[in-house]
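Asker: Keeping their order, the protein sequence lines are chains A and B.
Just so you know, the first sequence maps onto residues 1 to 432 in the numbering used here.
Just so you know, the second sequence maps onto residues 1 to 147 in the numbering used here.
Some hints here could point you the wrong way.
[As the list claims (entries may be wrong)] Partial list, computed: chain A residues near chain B (C-beta under 7 Å):
hint	residue
1	42
2	45
3	190
4	419
5	424
6	425
It is worth saying that the hints were derived from the structure and are not from the lab.
Glycine included, C-beta positions come from ideal geometry on N, C-alpha and C.
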Amino acid sequence: MIGLVDANNFYVSCERVFQPTLEGKAVGVMSNNDGCVIARSAELKAMGIAMGTPAFQLEGLRRRGQIHLCSSNYELYGDMSARLAQLLREACPEVAPYSIDEMFIYLDGFDDAQCQAMGVALRRRVRRYLGLPVCVGLAATHTLAKLANHVAKQQPYYQGVCLLAAHTATTQALLKQLPVSEVWGVGRRLAEQLAVSGIRTAWQLRESDPRQLRKRFSVVLARTALELRGTPCLEMNAVEQPRQRIMTSRSFGRATGRKEELHDALRQHAQRSAEKLRQQGSLARAVLMFLTTSRHRKDLPQLAPRAMIPLDAPTDDTRLILQAVKEGMEQMYRPGYVFMKAGVMLVDLVDAQQYQLSLLAPPAKAHPHVMRAVDAINQRMGQGTIHFGMRDPDAAWQLRCGHRSRRYTTRWNELLEAGTHPGAIAAFTSHR
Amino acid sequence: MPSQPTAVATALPSTPLPLPFASLSGRAGFSGFPSPAQDYEPRTLDLNTRLIKHPTQTFYLTARGDSMEGWGIFDGDLLVVDRSVPPRLGRIVVALFDQELLIKRYALYRGTPHLCSSHPHYPPLPLEEAECQLWGVVRAVIHEYLP
């Protein structure tokens with residue numbers, strides 16, 4: 001039996017753990033730079049506010065206190081996600097995190113009743129121990145487990161835990177009323193193509209001939225159909241494949257044409273990329289970087305310069321990558337343009353260990369200890385504790401996150417406060 | 001919900017920070033005699049394992065206010081709060097009471113459960129008919145004397 005544990009409105013729920021007074025209120029979490037809404041509480045959904053609504057359209061509601069908007073606090077969400085995975089690992093033989101808020105659990109060797117009981121227990125435990133509401137879907141395959149989770153979320157009858165046996169009337173009825181686009185792995189485009197062949201519901205997909213599906217669409221779709229019948233044929237990649245390129249990019253808090261600020265933004269992205277590179281044990285052969293002006297400002301001259309700087313030898317040393325960034329910056333910069341976004345991509349990656357074994361070229365890895373120490377400190381003390389060069393905290397490229405909650409679980413100076421008596425926190429805050 | 005890469009690798013605040021027994025690892029003088037302690041397995045103490053029984057469910061909070069001083073909780077102290085410990089009478093809890101997060105002792109007062117302070121200015125808060133939600137149980141308080 002496969003289970004999918006999925007947190008309800010994960011980002012909002014994380015905020016509510018540490019701001020319990022937000023419980024029952026309309027809460028939204030905004031994207032990077034407070035651009036648009038990316039997570040909504042049930043109350044916010046009920047107000048008819050769609051995913052992706054630009055934050056400025058909600059400013060009035062927010063000011064009147066009818067809704068509460070938070071900037072995204074990825075450090076907090078990442079930590080809560082890791083705790084969730086760990087909590088599941090303590091209870092289940094095998095756990096595979098699928099995204100920040102979805103984890104597959106594998107319950108081999110238990111019968112349906114036992115799995116159902118475990119689902120109920122897990123849900124209760126996560127709610128109490130972490131404060132997060134989750135739903136659990138249980139079924140024989142990943143695809144059905146995903147559906148079961150969907151049902152558990154949508155239909156109050158299931159109380160958050162739904163077990164779908166492959167060959168029951170319930171499952172059949174459910175699949176018959178489910179649009180095929182709701183099936184895991186079937187996007188809108190594919191759903192349109194399927195509709196042309198008369199496949200509109202999940203049940204019709206399930207009843208289609210897998211060989212035909214394979215011929216006319218793809219192997220993956222044929223497997224999905226089999227999975228809907230209860231035959232497992234999707235494997236979760238337990239080990240993440242090392243990525244072939246590593247990219248860090250971000251829109252600025254406000255547009256800027258100042259060379260120092262742009263260079264600074266690229267430098268920060270390069271440092272973050274280099275850290276990711278070392279984490280996966282790769283070396284880069286080249287650095288690709290870019291700047292772009294704002295598409296939305298048609299009144300300003302547009303430019304999207306790129307620069308690709310090869311590295312002398314494959315490296316994961318931040319300092320060498322920063323030298324390349326400096327070179328690239330000189331190539332890209334044109335005065336008179338106002339840029340909105342910058343990015344750094346490390347490309348042509350090679351495996352560090354394999355590369356070191358090859359005799360052809362010794363890598364330019366002069367002081368691996370320095371980089372290791374920098375990474376260790378940043379991991380323990382927080383991102384950006386040690387960085388190269390000076391940072392201007394008021395620079396335009398810095399993230400706009402005016403409503404970010406505290407990083408309650410990862411920063412000593414941002415812990416949650418509790419008062420010893422009513423009014424104690426308010427008194428402390430006003431005194432400060 | 002967009003699937004964002006999880007940047008944080010671990011939630012476990014269990015960085016081993018051993019306090020070594022200096023004498024056990026040292027050598028006995030310059031004469032080259034082996035240390036008599038050599039046969040004893042060197043032990044180290046990790047404060048985390050003592051204060052944190054359930055790392056996944058443990059959160060740190062800061063205490064504010066003076067009304068729990070009688071029970072050893074001072075303004076600014078660090079609370080080790082375990083959410084998996086059940087709230088028994090006599091335990092110190094963090095709870096949401098009347099829209100505020102409070103640190104109190106969960107105890108009987110005149111025969112009914114109350115949230116109690118150690119300070120006479122703050123009377124016990126009755127739990128009956130009150131809206132109160134447990135946040136966690138305080139396992140330990142860390143009071144630092146030096147910055």
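Asker: Against this structure, judge whether each hint is valid.
Answerer: Each hint tested on the structure:
| no. | hint | result |
| --- | --- | --- |
| 1 | 42 | violated (14 Å) |
| 2 | 45 | violated (13 Å) |
| 3 | 190 | violated (19 Å) |
| 4 | 419 | holds (5 Å) |
| 5 | 424 | holds (3 Å) |
| 6 | 425 | holds (5 Å) |
Violation of the numbered hints given earlier is confined to hints 1, 2 and 3; the remaining hints are satisfied by the structure.
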